[in-house]
Amino acid sequence: MRLALVLALLATPALAGVEEVTQQHLRPGVAAFAEATEALAQAARADCTAEALRPAYDAAWTAWSPIADLRLGPTEPAALTIAYWPDQRGAGAKALRGLLASDAPALRDPAAFAEVSAAARGFPALDRLLGDPELSGYGTNSPTCTLVQTVTADMAAQGAALAEGWQAEAEALASAGEAGNARYLTEDEAFRALYTQILSALEFTADTRLGRPLGEPGRPRPTRAEFWRTGRPLPNALASAEAAVAVAQLLAEIPLPLTEAALDQVRHAAAAIDDPTFQNIEDPTARLKLEILQQRVRALLDIVEAEVGAPRGLQPGFNSRDGD
Amino acid sequence: MRPLPFAATTALALSLSHAALAATPAEVVDTYADIAEAGYADSLSTAQELQAAIEAFLDAPSPEGLDAARAAWIASRAPYQQTEVFRFGNPIVDDWEGKVNAWPLDEGLIDYVDASYGGATDENQLAALNVIANPTLSIAGQEVDASTITPELIAGTLDQADGVESNVARGYHAIEFLLWGQDLNGHGPGAGDRPWTDYAQGADCTNGNCDRRADYLRAATQLLVDDLAWMAAQWAEGGAAREAVTTDPQAGLQAMLTGMGSLSYGEQAGERMRLGLMLNDPEEEHDCFSDNTHNSHYYDGLGVQNVYLGRYVRPDGGLVEGPSLRDLVADTDPALAEEITAKLDTTVAALDAIRTAAENGTAYDTMLEAGNAEGERLVMAGVDGLIDQTRSFERAIAALGLDAVAFEGSDSLDNPDAVFQ
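For the record, the sequence lines run as chains A and B. Numbers in the numbering used here are just positions in the first sequence, counted from 1, shifted up by 386. Numbers in the numbering used here are just positions in the second sequence, counted from 1, shifted up by 5.
Looking at chain A on its own, in the form it has when it is part of the complex (with noise of 0.2 Å):
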């Protein structure tokens, strides 16, 4: 097996695909993400309100949804400090009420901020502020808009970090196998790492975004869909797909018709639900169409593996998400 493994990818050089990944989706995909949340930090400065603020946060998501998935490195802690979700016990929800019931210093110093939960730190705390009726009506004098502006600058300043960081992973992406590569030994583990995002990150959409809304037949579970507030759900679960199919692309450098046209399934299922937000899933239909999504998205999971890694005799190797 080990020597098939070897002949295999000296057929095909594992490490132009992973090369291309970083170049031309990491890199791009963590710069354009610094950008936009320096966008929406602007945005809030000069005008907190939540509907002001809506298109900066929605952009601010389009740039975040390509890397969200690929925890590598330095994105593997920025996912948890961004995009923390499912909040199980409501963790967020209660920090954001504590901060702004106090007069504590976190409440409009950023770097006072960056050391609260992380469940009340980036998405999470903007789909509460801006997406929660009893919290979204504040005006621009209040505590509340002074939280948004420190949420975003902190959002900024995590941005601009990540890009930072990224470097040094993509450095050793680029050097696996090299002497003094401690990280990758070989090609050979730096395919396999962005190949099990790959993986984890279908997974992650199909039994989790999707899954946990489902919840049991007859036991929709609409509130626990992602970032429903401020309407994430479906685009969420979309991008992910897309996300993860582009990385398989670069990856493989071979063409890739058979996930190419399973992603063309999820994109119809997608297109075909209603509700972006899945808040009604309580009707039959509504729950059928979700269903459908979720068995494309895990159709397309089987194709990769078939179509990506069967090819070269791998399996995915263990990621931040196997635990319960």
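It should be emphasised that the hints constitute simulated quantities derived from the structure, not laboratory data. Accuracy of the hints is not assured; some may be wrong.
Residues on chain A that point at chain B, a partial pick, calculated with CB under 10 Å [as the list claims (entries may be wrong)]: (1) Pro472; (2) Gln474; (3) Asp650.
The beta carbon of each residue, even a glycine, is placed where N, CA and C say it ideally should be.
Put chain B on the given structure of chain A with help from the hints.
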């Protein structure tokens, strides 16, 4: 010391490793199953000691009786946590594990809680149900008769009620809550401080319903003992879990490494350690009522090392030992075998440092506090070690040719044609 020439060193290493080996996959998975059998048997016997201590306490409630029950609970955790490494690789264990070690829990389901706990949440309508105070319950629109608290009521109706994971009604952590109560000290020192009089009968009873609280504790403890007895039998000669790993030794090796890697990285480093640090939440610690988390983490890490070295020290000092995964890896790649050995040592030392700090007065929950740099350093050393060793486990999977063994539920590799249809 003058370094030996490279070729001589290599030759020496090779000859040493060849002298030490002669381990076959079949022998290695036998050792693995033997360690599991002993670990679950020890978990069972220490749970029976816990049950005896709880019965003695409930028969004649006293401060000393509660202390003895708490000490027995802490003792019972040491062997059990060392079995967590068997979880992720073995479906028979993973499907069962939630019955005994589910966490975190919304403890208001079971008993009274402090006002700061809040009530029902978006996620869990039953977060403050309080079974002990309410003989009649309403669960997802159904009326439930809870006038008698039995193992059947807990297992069949209350646990995972309304399909919510944090409705944990059974297992170690439910018992822990019943012995210690909520830890209301936040990041400050001190564990839960439930008064022994919560179990005093008659006029001395505090916080009401002491009879029902005693019934709950008895029933939950019985369930734990029964569940552990079941799992111990699965690993005994002829048991299904033993058969599953020994029938096909290659699959057994994969189960070993899957369990080691998934526990180390996603579960322990991620869910249990780094997440608590990032949420700065004193409740985000594994044994949050008893402040025993430092031991839980340590024994989890030790369990991973046990499986690799083929060696388990029982609570009575007895030794279970046999041909090991380390021997097998050394046969293929001696340098990798040593790399893994060294990384496991580093991790266990880091987890032991957390334990030492906790025993010297820096409780694990205080390490999670925002701005506690020394606490963060201690916890992150454990996290880093766990993540780092996982990378080497992946190398072992490749070195042993286990890539070819299909993972559970992977249609594409079992049957590549199926997915193209």
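The hints, checked one at a time:
1. Pro472: holds, 9 Å
2. Gln474: holds, 6 Å
3. Asp650: violated, 15 Å
The structure fails to meet hint 3 from the earlier list, while all remaining hints are met.
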